[in-house]
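Residue numbers (full-length UniProt numbering), protein chains in the order written: chain A, 1 to 282; chain B, 1 to 282; chain C, 1 to 282; chain D, 1 to 282.
Possibly wrong hints are sitting among the right ones.
The list makes no distinction among identical chains, and a pair is therefore deemed to hold if it is satisfied within one copy or across any two copies.
Derived pair list, reagent style DMTMM-like, types lysine to aspartate or glutamate, alpha-carbon separation capped at 20 Å [stated by the list, open to error]:
no.	residue 1	residue 2
1	Lys181	Glu77
2	Lys95	Asp29
3	Lys197	Asp151
4	Lys208	Asp47
5	Lys63	Glu177
6	Lys5	Asp151
No lab work stands behind these hints: they were computed from the structure. Bear in mind that the values here come from a model prediction, so they are computed numbers and not experimental data.
4 protein chains.
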Amino acid sequence: MANSKYEYVKTFEQSTTLLPDTYMTVRIDGRGFHKLSAKYKFEKPNDRHALELMNAAATAMMKELPDIDCAYGESDEFSFIFDRSSRLFERRESKILTTVVSTFTSYYIHLWSDFFADKPLSPPMPTFDGRVVLYPSSSTLRDYMSWRQVDCHINNLYNTTFWALVQNGGMDATQAEERLKGTMASEKNEILFCEFKMNYNNEADMFKKGSIIYRDCDTSSSDSQEAHAPAVFNSEQSEMSKTAKKKERRRRAQASITIEHTDIIRNEFWDQRPWLLSGPSQ
Amino acid sequence: MANSKYEYVKTFEQSTTLLPDTYMTVRIDGRGFHKLSAKYKFEKPNDRHALELMNAAATAMMKELPDIDCAYGESDEFSFIFDRSSRLFERRESKILTTVVSTFTSYYIHLWSDFFADKPLSPPMPTFDGRVVLYPSSSTLRDYMSWRQVDCHINNLYNTTFWALVQNGGMDATQAEERLKGTMASEKNEILFCEFKMNYNNEADMFKKGSIIYRDCDTSSSDSQEAHAPAVFNSEQSEMSKTAKKKERRRRAQASITIEHTDIIRNEFWDQRPWLLSGPSQ
Amino acid sequence: MANSKYEYVKTFEQSTTLLPDTYMTVRIDGRGFHKLSAKYKFEKPNDRHALELMNAAATAMMKELPDIDCAYGESDEFSFIFDRSSRLFERRESKILTTVVSTFTSYYIHLWSDFFADKPLSPPMPTFDGRVVLYPSSSTLRDYMSWRQVDCHINNLYNTTFWALVQNGGMDATQAEERLKGTMASEKNEILFCEFKMNYNNEADMFKKGSIIYRDCDTSSSDSQEAHAPAVFNSEQSEMSKTAKKKERRRRAQASITIEHTDIIRNEFWDQRPWLLSGPSQ
Amino acid sequence: MANSKYEYVKTFEQSTTLLPDTYMTVRIDGRGFHKLSAKYKFEKPNDRHALELMNAAATAMMKELPDIDCAYGESDEFSFIFDRSSRLFERRESKILTTVVSTFTSYYIHLWSDFFADKPLSPPMPTFDGRVVLYPSSSTLRDYMSWRQVDCHINNLYNTTFWALVQNGGMDATQAEERLKGTMASEKNEILFCEFKMNYNNEADMFKKGSIIYRDCDTSSSDSQEAHAPAVFNSEQSEMSKTAKKKERRRRAQASITIEHTDIIRNEFWDQRPWLLSGPSQ
């Protein structure tokens, strides 16, 4: 066939397979969202609609990709955690990464008008970049999740205080920055309380703790309990009957998806949802 | 700072840098566009609006990423070719790949209603996956481009004949497939001509040849001629003055972007636009 | 300096860092050892001297690289398992891989004459290739080790029977192969027992089970017990005092190195040597 | 078969294929050769036997791996350049890298006694690490070679002056270092000439320029001229008849291997040996 003369160029394609039996994590980040938030006049320090749009796009993704167990979002970023035993796209990195980024972007643009009916999009459009990171154990994955939630806390406390100084304290950005330079968390809390009568603890949990979205696979029926027992990762897995695979896939796709704004650093959250970190091996 | 306890998880991030002095090529592909084209009743064998939407999204991308020299699209795929000397995002693979995929997706969704005003989008949304391929020389890059255009030709001749048999020849899909199995190009041309009075040569060039989009940097002024001389790839490059870099960047951003539906396999197209494959070294 | 003009070529170097908190495994394989074993008239089916030379080279490597916890060898291959928390060469793949391959080769050549005093080496020389594989959990690593020992068993049973047929049964290679095609383990055992009065169980353990070499870190003193508690893998690790690191390094370097020819598939071996698979996280 | 239960661990193996149509370059480096040169009392600033041993090992490698076109060595390092069209081991990185490192090490140890008959090796043994770097064009490859030769020159001029100050000038190492800190090449030349009556130009070329080793494929017969025309890199290549491939392989294996100590920065060397950088594409 005429094509064959050029087909050798396919040999230049290189493909990375992600190490099996690890938690594949895709983190997407808004590109240039500082500018974007100015263009569309996002509320400061937090725009509830902008965060809810992020959550809506993340929820839509979890509906389309049942291999994602949970996701954590704050500000303009979201991390998606795949089930440790996922074989999605034979774990090809480019395919997984671009599917997640494209799906998120697609819903973000599509759903925009649901959250900002009065602010139509115009070029340059919102876009997201992304990266894959692998965590080989539940403890390192937990530490990753904790890292993002601590980041959320630190940034939000800073931003809340910064904007209080600017919006209610009559400072300009430079003065507020100067004031906050080197301050501890306790000092920021004190500024908020003493100068602005704000108790940081009363701020919305979505702002303080970000959003954890997870597939709620738990049910009381013993049948389904059995169904979500983690697959043993070995030869038997590949011989898991097609029926069983289909059944598992359906179970995941049908599980309800839950959003919470809660502490994911302590054990409690994870202890109560043991299926989230279950995996084939230790 | 409290964050430090978890920050070690950053050491699990791995980053691939794309080999310098090669043509970075990103090819994006529609995911499940067979189903999508049925859902939105795309015209067969080619839907002009769907192709124009692809071209519009590709053009918007080239405006946002001036390091892309040209792009080639057919059906639900597009290939973007970066200038050989591009240092975009320090050539980090994930960053380049996800930025291209996200930008394309974003404009595809945003511009959809310009081309399909009467067919509003609904979940599941259109999405694209993508991959990066490196070509180390202009001849291998040319062969890549030829490969895609030959692919366009083969698919389009097949589809044109297939749909003629179905739409005008009273066959169902299975019969048409059966009829075409093993036929040569000449036989398909003959079926079209003898049975349906169609001269394949008269089909639209966009269908037969796909779309090549390029940055039209050529001007007659000797000043700009000099400006787009390829940078020498060596130490001097990194010492290129900031002014020169800014000027080059502006020149690229301002160059008009042209779409053609023409042969890119023969030398003529490239010989007439020597700046497209120019690069620092041989 | 005059060098700077060319120094940009360093930017073409690409480096892969091996995922932290996984078991780095380097397996080396003799290149063309079939030919080599003919050239130097190795005894069939097993040449005790050749195996002991492999073990001697592996032992020398473990003395030079204290981050290796254990190694498993059979035939012309050896697998070296690094401690899960090893930071050797910042886990750069090329550096780890080539150091292991070069060190093994170097000792293999150097020690050759100790085992084959009457068979001096001549070109082409013995060489080894190698690869790195990562295992993210102790269970997958255990399965890797089991895989190699099962391989040893299968090959050795086959070879033992094959050479019995050839050396004592008057067959040529083709006939022996034909005879063994499709036979089960039990049938090979039977051939050995009925036709050649050989009880496979009585063969040397080194032939049947291969060689496991490990660092014998166990001591009864409570002090050292504490010393080899697995390091917690987080920020505190990097702050581990230099003294503690030096101490740990010395402890490893001084631990005696033990060779056994025993079952490593069942739990017993590992349960009795818990320090071998200890690691920072699960 | 019993093996199957564990065989899934093979899926954890990851393999990197080196980009086709680029110059694969493997640079090996002596590990800890500073200590080694002290242990075996290498002559300073250059030990002719040590360099000749490096060259002998490199020459042996080129005999075993006919895909290597040329190599450049200085001090305790050597760079091996594969033919641009080489398909050795399907261009698998680990296989190529470890084969080169192991082969070099093997010959270095084996040939040691030919050059140091009176200095028998003892543990720890000499070893080498290595890395692969790809160069996509002959100009970048030339710059790589120039980079190494400039490095040779700079180091050798420094070392020659340093050791003159120490051996003949009565300085200790610290004093000599202090004296040379910040000096230009011309000043070092002057020190050598004025204080030690040494004309640096009269030093041995092997010390000043390092060693270039290449396959001398040139012959006057028109037949062979044709034979080493670069293969066109496309589909036809893969259809190259087995006979032609065998012939090419034999031609390479039989070509004599030449060592020179000459300038490889200027064009002259390469212009006179056009087959060395010939490759399929530009």
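Structure-based check of all given hints:
When the C-alpha separation of Lys181 and Glu77 is checked against a cutoff of 20 Å, the pair qualifies neither within a copy, at 25 Å, nor between copies, at 49 Å. For the homomeric pair Lys95 and Asp29, the shortest alpha-carbon distances inside one copy (18 Å) and between copies (10 Å) are both at most 20 Å. For the homomeric pair Lys197 and Asp151, neither the shortest alpha-carbon distance inside one copy (25 Å) nor that between copies (66 Å) is at most 20 Å. Taking the shortest Cα distances, Lys208 and Asp47 sit within 20 Å of each other inside one copy (13 Å), while across copies they are farther apart (49 Å).
Taking CA atoms no more than 20 Å apart as the test, Lys63 paired with Glu177 passes in neither setting, with 41 Å inside one copy and 35 Å between copies. For the identical chains of this complex, Lys5 and Asp151 are inter-copy neighbours only, at 12 Å across copies versus 53 Å inside a copy, given an alpha-carbon limit of 20 Å.
In this structure, the hints that do not hold are numbers 1, 3, 5, in rising order.
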